[in-house]
Amino acid sequence: MPLRITRAALEQIQRHAAGEHPIEACGLIAAPCAAKVADRVIPMRNQAASQVWFSFDPREQLRVWNELDENDEECRVLYHSHTASEAWPSREDIAHAQDPTLHYLILSTWPEARHRVRSFRIVAGRVFEEQLSIQE
Amino acid sequence: MSVSVMVPTLLRPLTDGQKKVEAQGETVRHIIDHLDSRYPGIKARLVHGDEVHRFVNIYVNDDDIRFASGLGTAIAPGDKLTVLPAVAGG
Chain U
216 MPLRITRAAL EQIQRHAAGE HPIEACGLIA APCAAKVADR VIPMRNQAAS
266 QVWFSFDPRE QLRVWNELDE NDEECRVLYH SHTASEAWPS REDIAHAQDP
316 TLHYLILSTW PEARHRVRSF RIVAGRVFEE QLSIQE
Chain Y
3 MSVSVMVPTL LRPLTDGQKK VEAQGETVRH IIDHLDSRYP GIKARLVHGD
53 EVHRFVNIYV NDDDIRFASG LGTAIAPGDK LTVLPAVAGG
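From first to last, the protein sequence lines are chains U and Y.
Counting in the numbering used here, the first sequence runs from 216 upward without gaps.
Counting in the numbering used here, the second sequence runs from 3 upward without gaps.
In short, the hints are calculated from the structure, not lab data.
All C-beta atoms in this analysis are idealised placements derived from N, C-alpha and C, irrespective of residue type, glycine included.
Do not rely on the hints blindly, as some may be mistaken.
Below are the DMTMM-like pairs computed for lysine to aspartate or glutamate, each with C-alpha atoms no more than 20 Å apart in a straight line [unchecked claim]: (1) U/Lys251 / U/Glu226; (2) Y/Lys22 / U/Asp284; (3) Y/Lys22 / U/Glu288; (4) Y/Lys22 / U/Asp314; (5) Y/Lys45 / Y/Asp18; (6) U/Lys251 / U/Glu345; (7) Y/Lys21 / U/Asp284; (8) U/Lys251 / U/Asp314; (9) U/Lys251 / U/Asp284; (10) Y/Lys45 / Y/Asp35; (11) Y/Lys82 / U/Asp284; (12) Y/Lys21 / U/Glu288; (13) Y/Lys21 / U/Asp287; (14) Y/Lys21 / U/Asp314; (15) Y/Lys22 / Y/Asp64; (16) Y/Lys22 / U/Glu289; (17) Y/Lys21 / U/Glu285; (18) Y/Lys82 / U/Glu275; (19) Y/Lys21 / Y/Asp81; (20) Y/Lys21 / U/Glu289.
Label pairs and their computed distance ranges (CB to CB) [unchecked claim]: (21) U/Thr316 / Y/Ser6: 19 to 25 Å; (22) U/Asp284 / Y/Gly80: 18 to 24 Å; (23) Y/Gly19 / U/Pro217: 26 to 32 Å; (24) U/Arg341 / Y/Asp64: 33 to 39 Å; (25) U/Glu285 / Y/Thr17: 17 to 23 Å; (26) Y/Gly43 / U/Arg341: 19 to 25 Å.
Quick partial rundown of chain Y residues pointing at chain U, CB under 8 Å, derived from the structure [what the hints assert, rightly or not]: (27) Tyr61; (28) Asp64; (29) Thr84; (30) Pro87; (31) Val89; (32) Gly91; (33) Gly92.
Next up, chain U with everything else stripped away, as it sits in the complex (with noise of 0.2 Å):
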C-alpha cells in the first residue's frame, strides 16, 4: 500500500528541508486515527543540528504526541533530510527505525541526488520502499 499525503504536506516539507540545508530537517507527517490520507506536517528541531545526524527534541516531542493524543491524532510519517546523500535509508536510519507501522520518509537536499523524495518501510532492520502517492 502506497504512502498517501497531500501535494500541499509534501511542499511543505520540501521547503522545510531545503531552508535547513545544510542541517538535516527533520519532522512528521500527522493524520487524523485511521485517516487514509496524512495532511498535517509538523516540523520539529533538529536538537542534533547536524549536517549528517538528526534527533528529535525531547520535551518537544513531548508536547507533540501529547497534541496528537488529544486530537485523536497519530504520527503517519516521520520524514528527514539527507544533504550530501541519496534519500536512501543509513544504517542509523534502519536502526532508530524501531516502528514497523510507520512511514520513513527522506528528501535528499543534495545537488547530485538521483531522486528528491523517497518513501519506505523498515521492519526488523529490512528496508522496503513504497510508492508515494500524492493527493492532489
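Following the hints, put chain Y in place on chain U, whose structure we already have.
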C-alpha cells in the same frame, strides 16, 4: 506508590494492547521492574545495562529523565510516566 505509565503504540503488544497501565515504585527503575513483572519483556525495551535504552525517551511528568537522575529519578504521588520512541538518525 502507584503511578500511571503511558505506553507508546510500539510497545502496546507487550501490555495486552493497553495504552495506559499502572505500576508501583519509588524510582523509575522500580517502576520499570514492577512493569516487567506484570508485562514480561518490557524492561528489555526500556533499559539497556543500567541506562535508559537509546531507542526510547522516558519522562516523569514533562521532564526527560536523562536530564534528571536517569533511572534513579524519584517518583512522587500523582506523577505520570510517559514512554516515547526516541526519533533520530542521519
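*Give me the numbers of the hints this structure contradicts, sorted from smallest to largest.*
none
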